[in-house]
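S.K.: Here the protein sequences come in this chain order: R and F. This note's numbering numbers the first residue of the first sequence as 1 and each following residue consecutively. This note's numbering numbers the first residue of the second sequence as 1 and each following residue consecutively.
Worth flagging that the hints you see were computed from the coordinates, not collected in a lab. There could be a bad hint or two in this list.
Just a sample of chain F residues kept apart from chain R, beta carbon distances all over 10 Å, derived [unchecked claim]:
(1) Ile9
(2) Gln10
(3) Thr12
(4) Glu14
(5) Gly38
(6) Phe43
(7) Ile45
(8) Pro50
Covered stretches of chain R (chain F as the covering partner; in silico rule of three or more C-beta atoms under 8 Å from a C-beta of chain F) [as the list claims (entries may be wrong)]:
(9) 14-23
(10) 58-67
Model, not experiment: these values are computed from the prediction. Beta carbons: idealized from backbone N, C-alpha and C, even for Gly.
Number of protein chains: 2
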Amino acid sequence: MARKSSEPIQFTIEETIGVLSTTANGWQKELNLVSWNGAQPKFDIRSWSPDHTKMGKGITLTNDEMAALKETIQAAGL
Amino acid sequence: MARKSSEPIQFTIEETIGVLSTTANGWQKELNLVSWNGAQPKFDIRSWSPDHTKMGKGITLTNDEMAALKETIQAAGL
Chain R
1 MARKSSEPIQ FTIEETIGVL STTANGWQKE LNLVSWNGAQ PKFDIRSWSP DHTKMGKGIT
61 LTNDEMAALK ETIQAAGL
Chain F
1 MARKSSEPIQ FTIEETIGVL STTANGWQKE LNLVSWNGAQ PKFDIRSWSP DHTKMGKGIT
61 LTNDEMAALK ETIQAAGL
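Generate coordinates for the entire structure from the input sequences, incorporating the hints supplied.
M.R.: Right, here's the structure in full:
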């Protein structure tokens, strides 16, 4: 079912796993578990405003993609 | 110095560190080192078309943010 582009995206930050950085204006880049539009939560790396009402661009990762990211980081010795 | 929004973003994928997933149409979610507009390369997690001429939304990470991501993943036991 198509969703009108004018409808707001609904999201719930289910868990903040870690904070990666904080800018001078309080925005934080975070690794979270986020549920988008009521779906199963996914891993999500994204910047958020201090009260978490505004978000920047970011990327969601499935469980498999997070496992691949972990392996990639380890294999590359980052 | 402001950059006109009509100017294309220049990017160079300096290194593909790992591929996190591949969709049926060949787009890949990758961890790369990417130089944006000639700047020092940053870590970048993003989807790319098969020939890497088109990109999806994603997120760049500094060295410090990548280190924090690694620690977060390890600490959370992901």
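S.K.: Decide, hint by hint, whether the structure agrees.
M.R.: Here is what the structure says about each hint:
1. Every CB of chain R lies more than 10 Å from the CB of Ile9 (chain F), the least distance being 13 Å, so the non-interface label holds.
2. With a least CB separation of 18 Å from chain R, Gln10 (chain F) remains clear of the 10 Å interface cut-off, as annotated.
3. Here Thr12 (chain F) stays apart from chain R, with its beta-carbon at least about 19 Å from theirs, past the 10 Å limit.
4. Listed as a non-interface residue, Glu14 (chain F) keeps its Cβ farther than 10 Å from every Cβ of chain R; the least gap is roughly 13 Å.
5. Every Cβ of chain R is farther than 10 Å from the Cβ of Gly38 (chain F); the closest lies at roughly 21 Å, confirming the non-interface assignment.
6. Not every C-beta of chain R lies more than 10 Å from that of Phe43 (chain F), the closest at about 8 Å, which undercuts listing it as non-interface.
7. Ile45 (chain F), annotated as away from the interface, has a beta carbon of chain R within 10 Å; the closest lies near 5 Å.
8. The Cβ of Pro50 (chain F) sits about 18 Å from the closest Cβ of chain R, beyond the 10 Å cut-off, so the non-interface label holds.
9. By the rule of at least three residues with a Cβ nearer than 8 Å to a Cβ of chain F, the coverage given for the segment 14-23 of chain R holds, with 5 such residues.
10. Chain F is given as covering the segment 58-67 of chain R, and this holds because 8 residues of the stretch bring a CB closer than 8 Å to a CB of that chain, at least three being needed.
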